[in-house]
Structure formats: C-alpha cells, structure tokens
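Novice: For the protein sequence lines, the chains are P and E, in the order given.
The numbering used here puts the first residue of the first sequence at 20, with every later residue one more than the last.
The numbering used here puts the first residue of the second sequence at 20, with every later residue one more than the last.
Calculated from the structure, these hints are not laboratory results.
This structure is a prediction, so every number in the text was calculated from the model and none was measured.
Backbone N, C-alpha and C define an ideal beta-carbon position, used for all residues, glycine too.
Each hint should be verified, as a subset may be incorrect.
Claimed, not checked - Listed next, the stretches of chain E that the computed footprint assigns to chain P, with coverage defined by at least 3 CB atoms under 8 Å from CB atoms of chain P:
{"id": "1", "region": "85-95"}
{"id": "2", "region": "104-111"}
{"id": "3", "region": "151-160"}
Said to hold, decoys possible - In silico contact screen, one side only, chain P against chain E (beta carbon under 10 Å); selected entries:
{"id": "4", "residue": "LEU43"}
{"id": "5", "residue": "ASP44"}
{"id": "6", "residue": "SER54"}
{"id": "7", "residue": "MET58"}
{"id": "8", "residue": "THR83"}
{"id": "9", "residue": "ASP114"}
{"id": "10", "residue": "TYR149"}
Next come the chains, spelled out residue by residue.
There are 2 protein chains.
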Amino acid sequence: MRFHDCSTAPSPRLVRIFIAEKGLDIPVRQVDLRSGDHMSAEFRALNPYCTVPVLELDDGTCLTSTQGCWRYLEDTVPEPPLLGATPVERALVADRVWHIEMDGYQAMVEALRNTAPGLKDRALTGPDNYAQIPALGERGRIRTQRFLARLDGMLGDSPYIAGDRFSAADIMAMVLVDFAGWLKLGLPDDAARARRWYETVKARPSAQA
Amino acid sequence: MRFHDCSTAPSPRLVRIFIAEKGLDIPVRQVDLRSGDHMSAEFRALNPYCTVPVLELDDGTCLTSTQGCWRYLEDTVPEPPLLGATPVERALVADRVWHIEMDGYQAMVEALRNTAPGLKDRALTGPDNYAQIPALGERGRIRTQRFLARLDGMLGDSPYIAGDRFSAADIMAMVLVDFAGWLKLGLPDDAARARRWYETVKARPSAQA
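Could you put together the complete structure from these sequences and hints?
Specialist: What follows is the structure, encoded as structure tokens:
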C-alpha cells in the first residue's frame, strides 16, 4: 500500500489524520502540486482526476477520493471506529460529513480557487482548465462565514460533531477551520461550543498530521 | 420510519431506487417543492437544510442527505448489498459515487439552478437565497457534457460502474443520465458501452421508482 500525499494541502490531510487515528504507518509519496507533479502522465495513469489523496492498494487499485480512502481503511482496520459504531451513528457520520463537505469545503475551495492569482484557469481541480468566476469566489467567502457560524448549532450539546464519539466528521470540520485561516476567516468570537470543540480536537496527536 | 420525498425531483429518487432494490415498503410523505413546503417552519424543524430526501427514524433522528439515508438502509438491511460486499468493492463504490456526484450531479445542479427563470435567487438549495451566476450555469453545462462523455471510460470492460455488481454508483449515474435530459443533454451517440449499461440498469424494476 502507498499513500500519495501533499503535506501542505487540506484534502490529503483528511486522510492523513484518519491514518494517524488508526495508528497506521503507510509508506508515503509526496506529490508536489506547486510544480505540477499531479498533471504528469505518470500520475494521471494512477489518477486521471489529477488530485491527491490517492491510496494505492497492493493489487494496483487506486482510491482517488477521501471517501474511498476512508471507507477502505475503516473496513480493513475497524478500530477505533471513525465512521460510526452503530447503524444510526454511521448514518449520522455520513450525513454530517456530506453536509460539511458541501457547505464548508466546497465553499472554501470556491472562495480560494476563483480569486487566487496563481490559480488562474484552475478554478476546479482535475484535468480540464476552467476560468475563474469572481462572483463565485465572493459567494464562496459568504458561504464559508455562514458555515463557520453554524458549527456551534451543529454541535448542540454534543462533545463531537456526530454525537458522543470522535469521528471523521470532526476530522473534516477541524481541517476546514484550519483551511478557513487561508481565507483569513475563523470561528466567530461568540461560538463558545465550537471553540471549545476545536481546542479539544486540535489537541489530539493526530491533528499534527 | 417515514420517508420525506418529492416524486419529481432527482435527489430523493436516489433513495427511492435504493429502497426499491432493498425490497422495502416505507411510508412516504410527499413534500411539494413547487409550493414551498420545504421552506415551512414545520419542515425546517425536521431538516434545517430545507431539502429532500429525509429519512425520519422511529427515534426521531432525521437523516438529511442521500449518503446518510443510504448508509442507514445498507446497515439495517444488508441484502442485496448496494454499497459493496468486500472492503475493496465498498471503497470503489464510495469512490465512484463521490466522483459522479462532484463531476455530474454538481454540474447539472449548477447548470439548472443558475439559468432557470423560476429559480431566480435560488442558485443553491437551503435556507439562504443566492443570486444566479450565469457564468456558473454555462460552466455547469460544459461539465455535464464532459461527464456524460466520460461514463464510457469509467465503465471500461465492467458491466457496472463499480465492477461486476450493480451498486449505488449505478443508481446515481442512471439518475443523472435522466436528469441531463432536463438540460436536453444525453450520452454521446458513440458511447456504446455507456449506452448498453444505461439500457440494462433502466430495465430494472427499481428504475420506475
């Protein structure tokens, strides 16, 4: 097994933290996104989407999404459970992860990729070029702020995003709070529960991954 | 258990077909999206995202995404497996579903919601209004065409999208081929494998759901 990573990017960090929580030691190959390693013919043969993370299995199968990597690792190394331990918990983790990705991750990617001068014509990842859409960048920034303001309510009275247990939903939300820093945005000052949650998850050793 | 549905919309159809494949009979409540049922205080109390599908469990838990509904149904009614039967199969289904949603579903939603006169200020689902962005509508249409053109390659020599077994990846891809019809787009004429696959999955009784 080999993990294709980029140590500075938020997407593969979702899988790095998952690997650290499982206590695994998987050989890593760094893909330099700045120099365009991910667009090379060699990398495209592994992943035609030209993105990291990629988990390359021993039989040659390449998993080319966070969802695919998480699922494989959870099913082959069940402890500790990060995608839920009961049917309701597993459904809630899947539900929360999906909403966090749609409302948070997508918003931040749109805000960044449609405004950064270095990403001209790279408004979307993947093999095709797409021009930046300034209005989409602005909308992404507004949506990011709304997402951050709603994390407090999503937590409610629970210690973690999907209930009593640390899960992949916490991994994604924590990575996004850090990613929002790239846009100079953060949790609102009055989001007391979300701020307490962030300190707790950030103090786990896996957060260094 | 109660399933909150809208019989004309593509998103809840993803869950309807899944329910039909599992052979389940779950009480249904129709949510009339045209008259704004989904924005009512009563529905918001169930689902603050103001969307269908919603699977309301007997303990009051509401699953408010296709991912959450699918996960719960798969774990409580394992046969026939629709999210994969082995670790590699489950990972591939998760992987394919994610890519199909990002490249196909998101593209079609962007194409539709940023151009339809009846959806002014409703460029995104959810509680907040967002103005349409015409350039995003155009980009969505281009991406939809590229997605449809790539389905043939995604199938390769396999009968189904994630390999030898019908799965949720086929459900999502089939619903999207039908959804593309709303945009007057379809599989390319020369996509022989994708066209054969579509005829096969469309002939299953669940496709009527």
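Novice: With reference to the structure, classify each hint as holding or not holding.
Specialist: Checked hints:
With a cut-off of 8 Å between beta carbons, the region 85-95 of chain E has 9 residues touching chain P; three or more are needed, and the interface restraint holds. Three residues within the 8 Å Cβ limit are the bar, and the region 104-111 of chain E against chain P gives 5, so the coverage statement holds. For the region 151-160 of chain E, the assignment as covered by chain P holds, since 4 residues bring a beta-carbon within under 8 Å of that chain's beta-carbons and 3 suffice. A distance limit of 10 Å between C-beta atoms decides the matter here; for LEU43(P) the minimum to chain E is near 14 Å, and the interface restraint is violated.
With its C-beta approaching chain E no nearer than about 19 Å, ASP44(P) sits outside the 10 Å limit, and its interface hint is violated. At a threshold of 10 Å, the smallest CB-CB gap from SER54(P) to chain E is about 25 Å, leaving the interface hint violated. Taken as an interface hint, MET58(P) does not check out: its beta carbon lies about 17 Å from the nearest beta carbon of chain E, beyond 10 Å. Taken as an interface hint, THR83(P) checks out: its beta carbon lies about 6 Å from the nearest beta carbon of chain E, inside 10 Å.
Residue-level restraint check for ASP114(P) holds (minimum Cβ-Cβ distance to chain E is 3 Å; threshold 10 Å). Evaluation of the TYR149(P) hint against chain E yields a held restraint, the C-beta minimum of about 6 Å falling below 10 Å.
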